[in-house]
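Visitor: Sequence:
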Amino acid sequence: MLAQRADDASICPSEVARAIGGAHWRALMPEVRRIAGQLAGEGIVVLTQGDSVLDPEVPPVGPIRLRRGTRWRGQA
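Using numbering that gives the first Met the number 0, you'd call the opening residue of the sequence shown number 0 and step up by one each time.
By construction, these hints were calculated from the structure, which means they are not laboratory data. C-beta: ideal position from N, C-alpha, C; glycine also. Keep in mind that a hint or two might mislead.
[Said to hold, decoys possible] Derived Cβ-Cβ restraints for the label pairs, each shown as a range:
| # | residue 1 | residue 2 | range |
| --- | --- | --- | --- |
| 1 | M0 | T69 | 24 to 30 Å |
| 2 | T69 | R25 | 27 to 33 Å |
| 3 | G61 | R4 | 28 to 34 Å |
| 4 | Q3 | I34 | 17 to 23 Å |
| 5 | D7 | Q37 | 21 to 27 Å |
| 6 | S51 | P29 | 29 to 35 Å |
| 7 | A5 | P58 | 25 to 31 Å |
| 8 | R4 | E30 | 19 to 25 Å |
| 9 | R72 | A26 | 25 to 31 Å |
| 10 | R72 | V52 | 28 to 34 Å |
| 11 | M0 | H23 | 17 to 23 Å |
| 12 | A5 | V52 | 14 to 20 Å |
| 13 | A26 | D50 | 16 to 22 Å |
Could you build all of it, start to finish, from the sequences and the hints given here?
Guide: In structure tokens:
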């Protein structure tokens with residue numbers, strides 16, 4: 000989803016869950032957030048909350064956004 004956006008754009012994890020799970024997207028949110036944390040740990044994405052970059056080693060609390068990380072390679 001990030002590959003389809005501008006280089007400086009971000010996405011909400013719920014967008015990913017909705018694309019995969021349709022009406023059942025809420026049940027997928029913990030897994031989507033877990034995988035987002037893994038990707039952030041690898042530098043592929045960056046977890047943000049407002050203007051702050053979050054530590055991928057600390058499970059985020061509250062709403063987050065995903066941006067391209069330094070190791071982003073245009074994965075779709």
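Visitor: Does each hint fit the structure? Answer for all of them.
Guide: Right, here's what the structure says about each hint:
no., hint, verdict
1, M0 to T69: 24 to 30 Å, "violated, 19 Å"
2, T69 to R25: 27 to 33 Å, "holds, 31 Å"
3, G61 to R4: 28 to 34 Å, "violated, 22 Å"
4, Q3 to I34: 17 to 23 Å, "holds, 18 Å"
5, D7 to Q37: 21 to 27 Å, "holds, 23 Å"
6, S51 to P29: 29 to 35 Å, "violated, 22 Å"
7, A5 to P58: 25 to 31 Å, "holds, 28 Å"
8, R4 to E30: 19 to 25 Å, "holds, 22 Å"
9, R72 to A26: 25 to 31 Å, "holds, 29 Å"
10, R72 to V52: 28 to 34 Å, "violated, 20 Å"
11, M0 to H23: 17 to 23 Å, "holds, 18 Å"
12, A5 to V52: 14 to 20 Å, "holds, 19 Å"
13, A26 to D50: 16 to 22 Å, "violated, 30 Å"
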